[in-house]
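Asks: Using the sequences and the hints, build the whole thing.
Chains as they are written, first to last, in the working numbering: chain A, 689 to 924; chain B, 689 to 924; chain C, 5 to 228; chain D, 5 to 228.
Hints listed in this document are in silico derivations from the structure and should not be mistaken for laboratory results. Watch out, some of these pointers could steer you wrong.
Which residues of chain A face chain C? A partial, calculated answer using Cβ under 7 Å [as the list claims (entries may be wrong)]:
1) Pro705
2) Ala862
3) Arg903
4) Ser914
For lysine-lysine, the following BS3-like pairs were computed, each having C-alpha atoms within a straight-line distance of at most 25 Å [stated by the list, open to error]:
5) Lys160/D x Lys768/B
6) Lys82/D x Lys768/B
7) Lys822/A x Lys882/A
8) Lys218/C x Lys150/C
9) Lys218/D x Lys150/D
10) Lys160/C x Lys218/C
11) Lys218/C x Lys768/A
12) Lys768/B x Lys822/A
13) Lys761/B x Lys822/B
14) Lys218/D x Lys160/D
15) Lys768/A x Lys160/C
Just so it is clear, the structure is predicted and the values come from calculations on it, not from any experiment. Glycine included, each C-beta is placed from N, C-alpha and C at the ideal position.
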Amino acid sequence: MINKRMPNAAEAVADIPDGASIMVGGFGEAGSPIELLHALIDQGAEDLTIISNNCGSGEVGLAALLKARRVTKVICSFPKTANSTVFPELYREGFTQLELVPQGTLAERIRAGGAGVKAFYTPTAVGTPLAEDKESRDFDGRTYLLEHGLTADFALIKGLHADEHGNVIYNKTARNFAPVMAMAAHTSIVQTAKVSAPGELDPEVVVTPGIFIDRVVEVPHPAHESELIAAGVSYP
Amino acid sequence: MINKRMPNAAEAVADIPDGASIMVGGFGEAGSPIELLHALIDQGAEDLTIISNNCGSGEVGLAALLKARRVTKVICSFPKTANSTVFPELYREGFTQLELVPQGTLAERIRAGGAGVKAFYTPTAVGTPLAEDKESRDFDGRTYLLEHGLTADFALIKGLHADEHGNVIYNKTARNFAPVMAMAAHTSIVQTAKVSAPGELDPEVVVTPGIFIDRVVEVPHPAHESELIAAGVSYP
Amino acid sequence: MSTSVPVQGWGREAMARRLAQDIPDGSYINLGIGIPELVARFVPDGRTFIYHTENGLLGMGPSPAEGQEDPELINAGKRHVTANPGAAYFHHADSFAMIRGGHLDLSILGAMQISQSGDLANWSTGQPGAIPAVGGAMDLVAGVKKVFVLTQHTTKTGEPKLVESCTYPLTGQGVVDRIYTDLAVIDITPAGFQAIEIAPDVPFEHVQAMTNAKLTPPSASLSE
Amino acid sequence: MSTSVPVQGWGREAMARRLAQDIPDGSYINLGIGIPELVARFVPDGRTFIYHTENGLLGMGPSPAEGQEDPELINAGKRHVTANPGAAYFHHADSFAMIRGGHLDLSILGAMQISQSGDLANWSTGQPGAIPAVGGAMDLVAGVKKVFVLTQHTTKTGEPKLVESCTYPLTGQGVVDRIYTDLAVIDITPAGFQAIEIAPDVPFEHVQAMTNAKLTPPSASLSE
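Replies: So, in structure tokens, the structure goes:
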């Protein structure tokens with residue numbers, strides 16, 4: 689009997705300890721697992737390392753987690769947002785550290801971590817400040833940087849529809865980092881608008897096979913960052 | 689106007705020159721692009737390097753291409769088959785060279801080639817004869833081999849359904865190496881049972897986005913190796 | 005050189021239109037945020053371009069009608085977009101495989117500085133206290149077959165953006181192929197900046213004056 | 005030790021059944037070609053195993069009914085299979101990401117030789133003139149969390165397969181966790197081969213005699 693369904697977001701994130709590393713899906717608001725992030729705020733874990741493309745916006749979701757002073761490090765490609773001062777203030781204060789990674793290198797490092805590829809050579813960022821302190825090597829007359837696979841203790845991601853085996857499909861550009869983060873985390877937790885019995889998802893269209901998912905939570909009407917911000921929500 | 693449709697298999701492979709490197713999809717008979725391979729035999733190119741998981745069976749498809757003495761090197765994980773003597777004879781004779789690569793390393797080298805990853809470190813094959821002459825390096829107390837991305841001049845693959853932009857979906861385990869080969873070849877040629885106008889394939893279920901495909905050929909009723917062999921076919 | 009007559013080059017839309025003329029039919033293109041997005045409005049008759057957005061969509065279409073926005077269908081600039089017939093969604097590692105693997109034909113980017121050897125700086129002023137953010141720019145310039153820069157010739161305060169060598173932190177070294185500004189179209193060549201076209205009624209001397217490096221005029225040979 | 009009485013251990017099906025008892029509910033498993041495939045017939049009551057086949061299917065089901073075979077739905081041994089509810093198809097790089105990335109719980113493989121330090125040889129005799137073929141074996145032993153070997157204790161000609169060190173070319177070094185043979189269940193420990201169970205009516209001395217290295221009997225401590 690395999691059933692990865694959890695009763696609610698709170699139980700899905702209950703065991704995340706202080707000091708955990710957590711990959712958080714989403715690019716902008718698309719794919720941001722708001723309800724899992726709010727459950728994590730309620731839960732109280734701190735000193736977290738967050739691996740995510742952005743740092744959230746407004747004072748909801750990922751930005752709210754930062755604002756609650758739970759995040760001491762982010763590994764990120766684009767922490768600035770037009771409508772949030774949360775990360776800039778924590779960064780300038782020195783509370784939250786930043787490891788800045790080019791977006792494609794971030795995606796590839798996460799995929800490598802999930803695929804058992806320890807490190808790889810990429811042409812991205814050669815000759816830039818982000819190449820400082822990195823090993824480089826020439827192949828066929830071109831220079832490449834050595835980048836290391838990235839793994840995490842947990843992944844919090846958002847899908848459209850899952851089954852109890854953990855197979856997941858996504859909605860449009862909300863897919864973004866979720867499939868590779870599901871691969872790279874020790875414990876991968878997905879929230880989806882619908883959770884079905886095995887057999888409802890066509891095996892040809894599954895994007896994330898269940899082997900990469902540990903816990904599934906049904907969140908029938910997930911919030912969007914922009915809607916919460918427009919409504920003036922500041923979580924909690 | 690983007691329309692990658694070719695009138696037939698012969699025209700799709702017409703410009704493959706002597707000495708070309710060609711990735712050929714398929715695992716066993718599933719996904720083997722028989723009609724493209726037969727068109728390549730008719731076309732006459734020789735001194736080819738074939739990158740494929742197997743070397744075909746019987747005397748049809750890939751095995752027939754080898755038997756016609758067109759292939760001087762194979763990069764392959766499992767060249768033996770129960771019902772073909774073609775490769776063993778050419779190999780023992782010294783006509784066809786073999787670069788033996790573990791199956792997962794082969795898949796990852798092809799994916800790396802397509803993804804612009806020049807080389808990567810993998811734990812596979814450490815301490816085995818296939819690690820000889822390869823660079824190794826320790827990370828966190830474990831040894832890894834340096835493996836290089838693999839690209840090719842052409843890819844010949846088989847899908848189920850494509851559109852004129854080159855988007856492709858596959859059938860069951862016939863998917864296997866095709867998506868990564870489509871990424872890694874300079875010119876990727878797919879045969880599918882159906883070719884549609886853009887818009888018929890759901891963007892959520894496309895497996896190979898059209899950017900990776902250069903030519904599409906409709907082959908409405910593709911042959912299967914096992915059926916041809918059972919019918920006593922020896923191509924040409 | 006006369007600077008007493010106000011010089012008016014191409015407007016933003018004319019710059020985008022001029023660039024679009026140089027894109028072959030069937031190209032796969034990534035449009036940077038800002039002026040580059042305008043290029044999609046000026047596709048020459050008879051050509052089809054396919055737009056890639058690095059957050060996982062190939063075949064990006066125009067903005068949706070009001071009320072039709074989907075918060076989960078956005079582009080790299082986080083604006084609402086649509087998907088054209090023939091589109092495909094994919095995850096971020098596949099998206100940057102397209103970029104890094106050389107599958108895209110053209111990246112059109114904005115710039116803070118471009119050097120005469122094609123170095124690009126467009127992500128950071130390097131000021132202390134600035135919040136660093138790089139996004140996908142370094143991946144694009146390292147991987148895409150051709151890199152076109154679409155930018156005003158000078159900054160808002162009149163500082164030249166085309167320079168002998170960049171003072172801002174680099175996005176990539178020797179990566180720019182061609183620059184489209186309000187004043188000129190300029191190739192990066194082994195001999196440095198080579199103007200290939202000057203905006204109507206703009207004296208070449210003015211373009212040279214607004215450029216902090218030697219600029220070869222359109223009529224002169226590349227190989228001089 | 006008496007070899008005058010013919011010794012009969014477990015049959016192939018009993019070996020597979022014995023191994024299946026040790027697999028936890030919910031495990032993700034890759035079954036090698038041959039005897040390992042038998043394990044799927046002996047899933048203990050109340051447990052669900054999910055089978056991975058490296059050619060791109062998770063949730064592999066049993067053989068299809070006659071006439072229902074699909075030449076494009078096969079397993080790594082190129083046999084016709086089916087897909088269970090909850091299955092997923094994927095490409096080869098994703099399939100080996102599951103293997104290499106440590107996502108599979110168990111790999112069950114055949115063997116030509118296993119050394120007392122857990123080295124496995126199962127792909128080549130190293131004979132001149134043999135056609136080398138490795139498939140996915142090296143990836144499986146390097147990546148899967150646990151590796152169980154399911155094999156006859158000796159070759160058809162009576163040569164021990166459990167040895168001090170392998171003479172055949174290796175598939176992996178120090179990769180085997182446990183061995184299930186017709187005669188015994190044997191763990192690889194820092195002290196070498198540790199029998200944890202002997203087949204009924206088989207004298208320990210016989211198992212030791214058929215093993216080309218020191219074998220610790222089930223009652224003895226692992227730490228001796």
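Asks: Against each hint, give a clear statement of whether it holds in the structure.
Replies: Consistency of the hints with the structure:
1. Interface hint at Pro705/A: violated, since its Cβ lies 27 Å from the closest Cβ of chain C, which is beyond the 7 Å cut-off.
2. The beta carbon of Ala862/A is positioned within 7 Å of a beta carbon in chain C (closest approach about 4 Å), and the interface hint is therefore held.
3. For Arg903/A, the interface hint is violated, the least distance from its beta-carbon to any beta-carbon of chain C being 20 Å, above 7 Å.
4. At a threshold of 7 Å, the smallest CB-CB gap from Ser914/A to chain C is about 6 Å, leaving the interface hint in force.
5. With a C-alpha separation of about 22 Å, the suggested pair Lys160/D and Lys768/B falls inside the 25 Å cut-off, and the hint holds.
6. Distance hint between Lys82/D and Lys768/B is fulfilled; the C-alpha atoms sit about 13 Å from each other, no more than 25 Å.
7. Note on Lys822/A and Lys882/A: the hinted pairing is violated, with a Cα-Cα distance of about 43 Å set against a maximum of 25 Å.
8. Taken as a hint, the Lys218/C and Lys150/C pair is honoured in the structure, with Cα atoms around 23 Å apart against an allowance of 25 Å.
9. For the hint pairing Lys218/D with Lys150/D, the CA-to-CA distance comes to about 23 Å; that is within 25 Å, so the pair holds.
10. The hinted pair formed by Lys160/C and Lys218/C meets the criterion: a straight-line CA distance of about 22 Å does not exceed 25 Å.
11. For the proposed pair Lys218/C and Lys768/A, the alpha carbon gap of about 36 Å is over 25 Å, so the pair is violated.
12. For the hint linking Lys768/B to Lys822/A, the alpha-carbon distance of about 43 Å lies beyond 25 Å, and the restraint is violated.
13. For the hint linking Lys761/B to Lys822/B, the alpha-carbon distance of about 20 Å falls within 25 Å, and the restraint holds.
14. A hinted pair counts as satisfied when its Cα atoms are at most 25 Å apart, and Lys218/D with Lys160/D qualifies at roughly 22 Å.
15. For the hint pairing Lys768/A with Lys160/C, the CA-to-CA distance comes to about 22 Å; that is within 25 Å, so the pair holds.
When each numbered hint is compared with the structure, violations occur for hints 1, 3, 7, 11 and 12.
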